[in-house]
Amino acid sequence: MNTRIHEIEQRIKLLLASYLESSNHPELEAHGEITGETNLVSDFTMDSFQVMEFMMELEEAFDVMIDMNSLSNTHTVHDLAVIVDKDLSG
Amino acid sequence: MMDSKITFGQKTKTESSMQPTPVNKKLPIKSDGFANLAEALDYAAAGDSGFNFYDHRGQLDAVLSYRQLRDEARTLARRLLGLGLKHGDRVGIIAETDPMFHRFFFACQYAGLIPFALPAGIQMGAHTAYVGQIRRMLESCDAAIAVAPASHTEFLHEAVADMDLVMAGTPEEFDALPEADIEFQTVQAGDLAYLQYTSGSTRFPRGVEIDQATVLENLRAIAQDGLKLNNEDRFVSWLPYYHDMGLIGFILVPLICQLSADYLPSRTFAMRPRLWLKIISDNRGTVSSSPTFGYALCAKRLRPSDYERYDLSSWRAACVGAEQVNPIPLRAFAEALAPCNFDPNAFVACYGMAECVLAVSFAPLDLGLSVDYVDQAVMSGSGEAKPVNPDHNNVAAYVDCGQVLPGFEFCIRDEQGNEVSERQCGEIMLRGPSVMSGYFRDEESSRAVLSDDGWLDTGDIGYRVGDNLFITARSKDVIIIKGRNIWPNDMEVVAQRVEGVRLGGVAAFSVAGFGEEELAVMVVETKERENSARHRLSQGITELMHEHFGINVIIDLVRPGTLPRTSSGKLSRFQSREAYLERQPAPALRLPSHRRNNRKTA
Numbered sequence: 860m861n862t863r864i865h866e867i868e869q870r871i872k873l874l875l876a877s878y879l880e881s882s883n884h885p886e887l888e889a890h891g892e893i894t895g896e897t898n899l900v901s902d903f904t905m906d907s908f909q910v911m912e913f914m915m916e917l918e919e920a921f922d923v924m925i926d927m928n929s930l931s932n933t934h935t936v937h938d939l940a941v942i943v944d945k946d947l948s949g
Numbered sequence: 005m006m007d008s009k010i011t012f013g014q015k016t017k018t019e020s021s022m023q024p025t026p027v028n029k030k031l032p033i034k035s036d037g038f039a040n041l042a043e044a045l046d047y048a049a050a051g052d053s054g055f056n057f058y059d060h061r062g063q064l065d066a067v068l069s070y071r072q073l074r075d076e077a078r079t080l081a082r083r084l085l086g087l088g089l090k091h092g093d094r095v096g097i098i099a100e101t102d103p104m105f106h107r108f109f110f111a112c113q114y115a116g117l118i119p120f121a122l123p124a125g126i127q128m129g130a131h132t133a134y135v136g137q138i139r140r141m142l143e144s145c146d147a148a149i150a151v152a153p154a155s156h157t158e159f160l161h162e163a164v165a166d167m168d169l170v171m172a173g174t175p176e177e178f179d180a181l182p183e184a185d186i187e188f189q190t191v192q193a194g195d196l197a198y199l200q201y202t203s204g205s206t207r208f209p210r211g212v213e214i215d216q217a218t219v220l221e222n223l224r225a226i227a228q229d230g231l232k233l234n235n236e237d238r239f240v241s242w243l244p245y246y247h248d249m250g251l252i253g254f255i256l257v258p259l260i261c262q263l264s265a266d267y268l269p270s271r272t273f274a275m276r277p278r279l280w281l282k283i284i285s286d287n288r289g290t291v292s293s294s295p296t297f298g299y300a301l302c303a304k305r306l307r308p309s310d311y312e313r314y315d316l317s318s319w320r321a322a323c324v325g326a327e328q329v330n331p332i333p334l335r336a337f338a339e340a341l342a343p344c345n346f347d348p349n350a351f352v353a354c355y356g357m358a359e360c361v362l363a364v365s366f367a368p369l370d371l372g373l374s375v376d377y378v379d380q381a382v383m384s385g386s387g388e389a390k391p392v393n394p395d396h397n398n399v400a401a402y403v404d405c406g407q408v409l410p411g412f413e414f415c416i417r418d419e420q421g422n423e424v425s426e427r428q429c430g431e432i433m434l435r436g437p438s439v440m441s442g443y444f445r446d447e448e449s450s451r452a453v454l455s456d457d458g459w460l461d462t463g464d465i466g467y468r469v470g471d472n473l474f475i476t477a478r479s480k481d482v483i484i485i486k487g488r489n490i491w492p493n494d495m496e497v498v499a500q501r502v503e504g505v506r507l508g509g510v511a512a513f514s515v516a517g518f519g520e521e522e523l524a525v526m527v528v529e530t531k532e533r534e535n536s537a538r539h540r541l542s543q544g545i546t547e548l549m550h551e552h553f554g555i556n557v558i559i560d561l562v563r564p565g566t567l568p569r570t571s572s573g574k575l576s577r578f579q580s581r582e583a584y585l586e587r588q589p590a591p592a593l594r595l596p597s598h599r600r601n602n603r604k605t606a
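Protein sequence lines correspond, in order, to chains A and B.
The first sequence runs 860 to 949 under the working numbering.
The second sequence runs 5 to 606 under the working numbering.
With the rest of the complex left out, here is chain A (with noise of 0.2 angstroms):
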């Protein structure tokens, strides 16, 4: 995998871990490890709205802008990181 993008999972992951922790998401702990193919979505009970704060942390962490309607092809963790690496490159 390129170097970067697996960088940005990286923290991605972190990123996830430490928005689940903070907004008290009881899965996070039967989960296990989040890895590049944890679905966002369906892995989480993150609704939409938390969907969207969680992105606002993305962006203001890799200081990119997302686009929100590439998100419509979005699932998991390495998706998102794919989304942020063509940000950074554009």
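Don't take every hint at face value.
[Claimed, not checked] Below 30 angstroms or equal to it, Euclidean Cα-Cα: the simulated DSS-like pairs (lysine-lysine) are: (1) K872/A - K486/B; (2) K486/B - K282/B; (3) K30/B - K304/B; (4) K34/B - K232/B; (5) K872/A - K304/B.
If you're looking for bench data, these hints aren't it; they were derived computationally from the structure.
Note that the structure is a prediction, hence the values are computed from the model and not measured.
Since chain A is already given, all that's left is putting chain B on it; use the hints.
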């Protein structure tokens, strides 16, 4: 001041010189006497006010004065008519918070076409579901034209592939069309002004049809009786244009009074709700509305540094509606923002629905929320709202939504259709000049809610004290989560796509959650006993619910034959919910019991 121009939706900033439109100092306010919406825009165009669009960082991004809007809409109307469209043809507009929406909506008003807003918000991973939703809406009203901002073009083209539309494209493509050399026909009072898709059923979209006279009457009543608007008023909104509160409340109400409005994109609000407060503070906004959850979301994200930053003293009407008005998070919002001079008396509880254009009742201005404390046990027994002290041990709190606007008649009936007495819960029926003529080309749905003598069955449950309305449950058939209306039947149909979920073996409903929110629950019958298979089943449904509805659903797997059915074999959602609640270890999830007694079995 006004040298910053937007030309045909292309936002050309002249950087620092861009200023929002001022409040209406120039024109005498006039909110009635217009024959149609186009005439109202012609009048507003003589002033300096208009619409202002803020971007995802809260920076002013585009300005559209009423004058520009009139000129651009008239030009665009001639281009649309050049396509050979007939009077009354439907025009679908993907309703992103963007000046293009206003331009197309009002081009239709001049051209005698019927616009309707298509949803613009797309959930994560929901590409296919979104495209299907857009397509069904366009099909259901046999749209002639569909337009999407550049951000949504790809989705639109996918939705209309092999559909027989006259044209589908971007605003720029429409702007490249030749103008027809024709005079506009006068739009009559009985001509439809727009269709409003109720945010509910995605499978069977229903378009509320509202004619010119009907919309103008509700706008007049909101302006004169509900909000008592004046020249100093300024609107601020993050509500999407594809919801009635966004379209009617924050585009057409300011227009009818020639007032300026400032918009924040809905998705930006979801990410950075504090920008809502910033715009109100910076622009001295006076009127801004939200469902309860919007106030709660905003309060949750406040930072201590905000208190010095915002001054909300100008905010005189903080309307709360669209879903049940819940006093607890609203009080928390008011307390948190007291240091910013937010006046708790600015809260105005409202009641309304797209079937009545927008507004049915407003609580009196400047008095804040008036809460009625009633005995929950009595209510669950007899449906009577018996007043008790707020510190009573089994108390329910309902907010006074005020009197119906002049012109409306209301009546609260029991299930046999008899009018009930004061403080007795029943079904709210409405009649008046702002009630829709029906659902577009849907005789069956129209007859189900409209009687021959003009009474609309709202589907809402409530009681009255004197002439004041108290709503105890919104839409008996609808699950409302964070302002989004979801038909249980839609959820059930979608869930059946998961292998192992049987037709008729699934029931969706909502229950009161731990906090203030409703939770959606889906009970699913399955033969599966093996854990990994059960997990796959739950996960499959969870994913689909997110994709299609953007909500969390509690999935409860049960053995086949568990779900209660009526004598005719039809699944009973009502009893399914009762049975589900009984299975829960107390005191986990408890539905306020009065709702159980008053909601109809679906």
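The hints, checked one at a time:
no., hint, verdict
1, K872/A - K486/B, "holds (27 angstroms)"
2, K486/B - K282/B, "holds (22 angstroms)"
3, K30/B - K304/B, "violated (39 angstroms)"
4, K34/B - K232/B, "holds (12 angstroms)"
5, K872/A - K304/B, "holds (24 angstroms)"
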